[in-house]
Structure formats: structure tokens, C-alpha cells
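Position chain B against the provided structure of chain A, taking the given hints into account.
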Amino acid sequence: MARLLVGPFNRVEGDLEVSLDIRAGRVQRAQVNATMYRGFEQILQGKLPTDALVYVPRICGICSVSQSVASAKALADLAGITMPANGLHVSNLMLATENLADHLTHFYLFFMPDFTRGVYASRPWHAEAVRRFAPSTGEQTREAIAARQRWFTLLGTLGGKWPHTQSIEPGGSSRAVDQAERIRLLSKLREFRAFLERHLFAAPLEAIAAMRSLDELWAWHDAAPNTGDFRLFLTCARDLDLQLLGPGPGLYLSFGAYAQPGHSSSPHALASGVWRSATQSLVEPDALSITEDATHAWLEDAAMPLHPLQGMTVPNADKAGAYTWNKAPRLAGEVVETGAIARQLASRHPLVHDAVAQHGGCVLTRVIARVLELALVVPMMESWLKALQPGEPYFNAFQLPDEGVGMGLSEAARGALGHWLVVKNGRIANYQIVAPTSWNFSPRDAGGTPGALEKALEGAPVLAGEKSPVAVQHIVRSFDPCMVCTVH
Amino acid sequence: MKTGEPFNVLWLQSGGCGGCSMSLLCADTTDFHGQLRDAGIHLLWHPSLSLESGDELQDLLARALDGRVQVNALCIEGALLRGPNGTGRFHVLAGTGIPMIDWVRKLAGVAQHVVAVGSCAAWGGITAGASNPTDACGLQYEDDRIGGLLGADFRSRSGMPVINIAGCPTHPGWVLESLMALAADMLQAQDLDPLARPRFYADHLVHHGCTRNEFYEFKASAEQPSDRGCMMEHMGCKGTQVHADCNTRLWNGEGSCTRGGYACIACTEPGFQEPGHAFGHTPKVAGIPIGLPTDMPKAWFVALASLSKSATPKRVKANATADHLVMTPAVRKTRLR
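Protein sequence lines, in the order shown, are assigned to chains A and B. Using our numbering, the first residue of the first sequence is number 1, and each one after it goes up by one. Using our numbering, the first residue of the second sequence is number 489, and each one after it goes up by one.
Since no wrong hints were added, every one of them can be taken at face value.
List time: in silico DSS-like cross-link candidates among lysine-lysine, alpha-carbon distance up to 30 angstroms:
hint : chain 1 : residue 1 : chain 2 : residue 2
1    : A       : Lys467    : B       : Lys594
2    : B       : Lys594    : A       : Lys319
3    : B       : Lys772    : B       : Lys797
4    : B       : Lys802    : B       : Lys821
5    : B       : Lys802    : B       : Lys772
6    : A       : Lys319    : A       : Lys47
7    : B       : Lys805    : B       : Lys786
8    : A       : Lys455    : A       : Lys319
9    : A       : Lys424    : B       : Lys772
10   : A       : Lys386    : A       : Lys188
11   : A       : Lys467    : A       : Lys319
12   : A       : Lys47     : B       : Lys772
In case anyone wonders, no lab produced these hints; they're calculated from the structure.
Same shape as in the complex, but just chain A:
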């Protein structure tokens, strides 16, 4: 048995180290270590509840709006208020802008560059991958960064700046969009759609969104295998058998994204749900059954895993048996995977259902689900922008009680994000955050059960002489991890 310590892991958000036990060219056991701690949950204690709206976006520079949305929802829950329709639409537009930017950034800057590595020099697609995706010189890398910059100008208007916008409030949006701005924003949506349709898909978004099965996807690929960047990914994926890499736990969690006004039966544009592959069943997530276990984290233990409203975060860097700053979140005691696959399973998208049925959650399925979301959500954003009613309110005034609790559940690009807060004497007595990568990159719990990535790495091939195995890199990055959110 050989042991390999892989790090720093770059092209992920934040700090990550992976420890691997290797036998006969395969990973036997993996430990995932988030190597940094900042203590936002400690910093928030004693603050005025609304000050959380300044602090929490700064948990994360890549999904700061997601943190804002979860915090605003938790405060709204505490106050017992809702946003007016305009405020909800603007908040959704901002969250969608960030989530789609994350998918784009992940595909072009974080994930695809691994196919340009020297280890793949003999592959027929390698030269094309280098031409398109080599860091700093890739032609498509340049196009994608430029498209991303233009895309974020939506947030210049909607939120003043990105990251760390503070325009999302429990009562709605601090930025009211007028008629002329609405038209300008629509034109920017069209610009991004054009980028996706020209460069990523080489096809209309609606054609991608309408894919019903992997067979259909592969037939579409084979018709023009060199056209568009998504097809080149599929070429690489088939050649490298990426459907065999990084199997997930088969239990998927989505809290639901983009709450819609006046839709009591289907309150989210992307549904909430817990999908269990083994039984092909979909149920609503039970937030009361969420706990965090700190057994292997450098944090003080409770006697048992705690629900976030009871949760505590007290660092203990000398704790025996600990190997990460991340706690182990569990849903009714079970390990879950969260992210675009979970959202699309909950929303019953046929392509993702078919991919999961055939291959489970794996490197291939994770990338397909994210890319599909780009095709699905841009048209939704067009409809939300058109639904804005300038002149109608964007913000509802509210009063926070001096005592109470609040829960804010949302979806970041990487999956289910929850904020829980307890207020006493008008101050924050406790604030606990469970981020998507906290679920996916969980350490072992008290029962020794590995987290989703830890399990997904078992069996990964390690080539002779590899110190940062390329298969491990694909698997880790397929989750699009955000370590700064994880450890917060």
C-alpha cells in the first residue's frame, strides 16, 4: 500500500488536499481535507441579524449571491415576510446569473484544462483540446472569459457589483429595475445565449434542453463531433470512459431553486426533492433530519450529531483523529450528493434521469447535468425579466423580532445550501451554514462512513509515477468544489 498526499488542488474554489491509499494502481481509500478555517459562524455571533447580509456573501467569492439569498431567506423566515414578485424575480435573476457563470467558469477554466495534460498527448483529441482549452492560450478559454465578463454586467445593473453585492434583502431587492434597463438586460441575455449557442453547444438552447436520453445525446454528438465545446467534452469522455469514474452515493438532495411567486403547487422553477436511485423514488427533503457530525473535523464535538439550529462551531486544531475543517452533514444519517444532478432529478429531466439510470452519478453525468442547466435556465431568465413590472414594488418593509429562529434553504451552483439562525435579545445567538461542498466533500462520520467524494475516489486508477493522478483530478473537479463555502 502506498500513500499519496495530493495538494494543493487548484482550479477549485479554495483550499483542498486529498490523501490517497493506493494498491495495485487503484485508490483503496481517500481522505478529503479542507485545509483552511476562517470562522464565519463564530464571527456572526453577537451581531445584529441584518448585518449577516454584509458578512455572509463574503464567505465565498464565487457564489456570494447564493449566500446572500440563503441569508435573506433565513431572515425573511424569522420576520415572517415574503418578497414582492418583482423582488423575487430580481433575486432569482441574480442567483441564476451567478449559478450559470459558475457552470461556465467550471467547464472552461476548471474542468476542461485537464484534457490538455501531457499524459493525454497520444489521444486523437489532444491537440484540439490544447488549442481550445490550454490555460492562458486556449482560444475558447479567451472567448469564455470574455463572455463571462459580459455576462456579469447583468449583475452590475441588478446588484451594483459582483461578487459581494448587498442588494438582496429579506424584503426583496434594493435595486428597482426600470423599463429601459429591462430591455438592456434582455439584450445581454441574448448575447450570452448567442455565446452558448455558437461556442458551447453549436446548437439552439432549446435543442439541448429537449434531449430525452443519452442515446439522443450521443447521436447528436456523432453527427458533428468536432463542432462546439460540449461535443469535444463528450469525445474525451467516451474515449476515457468518464462514465466509470467517480460514482456517487445514489442519494441526491435539492432544496429547490428560483422560488416563483403565486405558484403554490410548484413553488420553484427547479424543484426540490430527494432522489433515491435504489428505489427510483422522489420525496420532499425533510430539513429537520439534517445533522452535522464533527467527529473527524478539527472542531469541538457534541455528544451526538446536531441539527444546525443546535449546531456549534468551536475550533480545536489538536483534536485526535480529525483531518479536516469540514463537518460531516447527513440527511437522516445518510450521505448525499448535491448539485445539478440532484436539481434535474428532482425536476424530472429525462436526459439526467437516463444518465443516472445508466451510469449513476459519475464524472460524465455531473458535467452533462451542469451544462444542461445552462440551456434550461437562460430561457427561464428571459421569462423572469419579462415578468418584471416596473412601477410595482421591489421591496417589502419588515420588522425582525428580538427572539426567534429562521431557516433559509436555497441552491447554489454546486447544490443545496442552508442557513439557520437563532436570535436572542435582538442579536445573533447562533448562525450555522451547511454548504453544498460540505455535503459532497464530507469527511467520515462517527460510524466511519466516508463522504460522497471520499467514496467516489475509491477505485480510481493511478498510473505509474503519477503524483497528482489525473483520474483523481477529473473526479474531484467533476463536483466543482467550493472549499471556502465548505469551511466558511
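Then chain B, alone, in the frame of chain A:
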């Protein structure tokens, strides 16, 4: 512009959120890497942008430390985490077992310039909030006290102190122009303000160019989020005191905090994370905001404010507490001259 050797930039992240890197990628250009190349800048390594991982980076760091690779600018993003108990173990550079503060101390010793990217690296920033559980500090400051990780006397090989490109996040234009100026040998000690921020952005105030200017003139004030009025009187806005050009050099195309409808919270200034009052409310004494515009004597401010309030046009007053124009400027034959 100099020719010849590339200007090598090594970028590392510590106790922050990565937001300054994400902001950097929003730079207003159609060719991000081309712009760097044209300026002679070579990114030795950046956590979001480089292919090299794990052992490849560790090898690069070793070559930087023994002089085989020249580091022209060491850019640090995020606060330096000294805890617990001075060990630095709140942030260990993955794969190395060595605290990041030790890496930064060593690399700062070989770098031509040391650059703090963002308010965390400059002063400690948001990471140093409340009781500062990680004992976070900046490279050469702890809030507004000089010292920080490297100490008050630290000078990089160029003879310059740590250059503080403060902001939360920092603006991509501030970073790129600083690096380009350094690469072109156009940024000297005299180009830094008393807190070692580049003067080209820090000699301006956020107030300059604020679109709520007419409301400010008449002290016609916003009372809740989404109102159009001036946010200084009630909403905690510090734009008249804060050093940055946010309202003349816009964010993400056409934004700024005040244009987004929320207060300037002074994110380029040391200690902004603990204002001592609610971020969204203006502290006052006898109805007068305690934080008055830079350079303005208090008595004059009070006198002018009461005068301008009494002269506020009905239109400005009505619009200040609405989220859209409820009264538009009258159209008259004014015979403008």
C-alpha cells in the same frame, strides 16, 4: 514599456473567499490573458487559472525560493491566519504540511514586490471580524495599525512596502493597472497613499460620481432599501469619506454599491468589518450623522444641510423615498443660457 524578461507574478490565496480572483476575471477586456501578455506579465501560477497542480506547484515554489525562478510580484489574496496560538495551522498550504504564513514570509523575502490583493490581505478584512477567531491580519497592517504578518519595517527587494490594493472585493482595474504599472516600472513609493494604497484609485472618494448626487445636495434621504434618495443620512453610507473611485470607475459594466441601492460600507478602509454600528444605519448625535464628509467642518455641514433641506424641490423630496420616479423634472421653455 520594458522589453525582454517577463514580469513574473505568483498569486497565492490564504484566509479569504477567493472573490478578488473572481473579480479579476471580470476585467473589462475581450482578451484577459492577451492583456497580461501585452503588458509583459507572466502568471507563474494562479490558483484558479493554472494547470499545474500539487507537486508541480511545490516544485515551482522551491525554484522561486532558491532563486532559479524570479518572482517579480508576489500577490497574496486573503488574510494571513496566525492562529491558533501563533502556529498558523488555521491555514496549511495543502500538500505541504506547512502553514501558509510560513510560505508567505519566505516568499516575501525573495519577491521584488509584495502585493496585498484585497482588504483581507491588506488589513485582515472581514476575516478579522468580531473576536477575530483565527487571529487574522494583513501582510503589513492589522486594521490601521502597521505591522501585520511581515512587520512595519518590511521592504521587498524593490525597497517598497507591501502595496495594498484594498477593497472587498478589489476592483479588477485596480489590480491590473497596479501590476501593469509595476511591470513598466511606473509605480514608486510616492505613488502610494499613507496606507500604501495606489493613489490612482485611492485619491478619489466613492462619493465622486454618485448618481444620488442631487439627493445629497438637498439632503433628500432614502428611508428604506430600494428608495432612490441619498443613503448618507439614514442608511449608513460612507461614500463621502471613503477612498476609492467606485462611482467613476464602475463595476461590472455599470454598477457600484450606491447604484445597486445599498450603502458604501467603506470596504477599502482598514477596520471596515467592525463599524461599531449596524451597517445599514447611520449613527447620529442629536440627529446629526457622526461621520461627516471628509474635509468638511461640522458646523458648516449642519448649516448647509439645514439650508439645503429647506430648499429641497418637491420633486427631489418625493423621489427620495420612492423606488421609481414619481415626479419627473418639469419640461418648460427655460431659454437655457
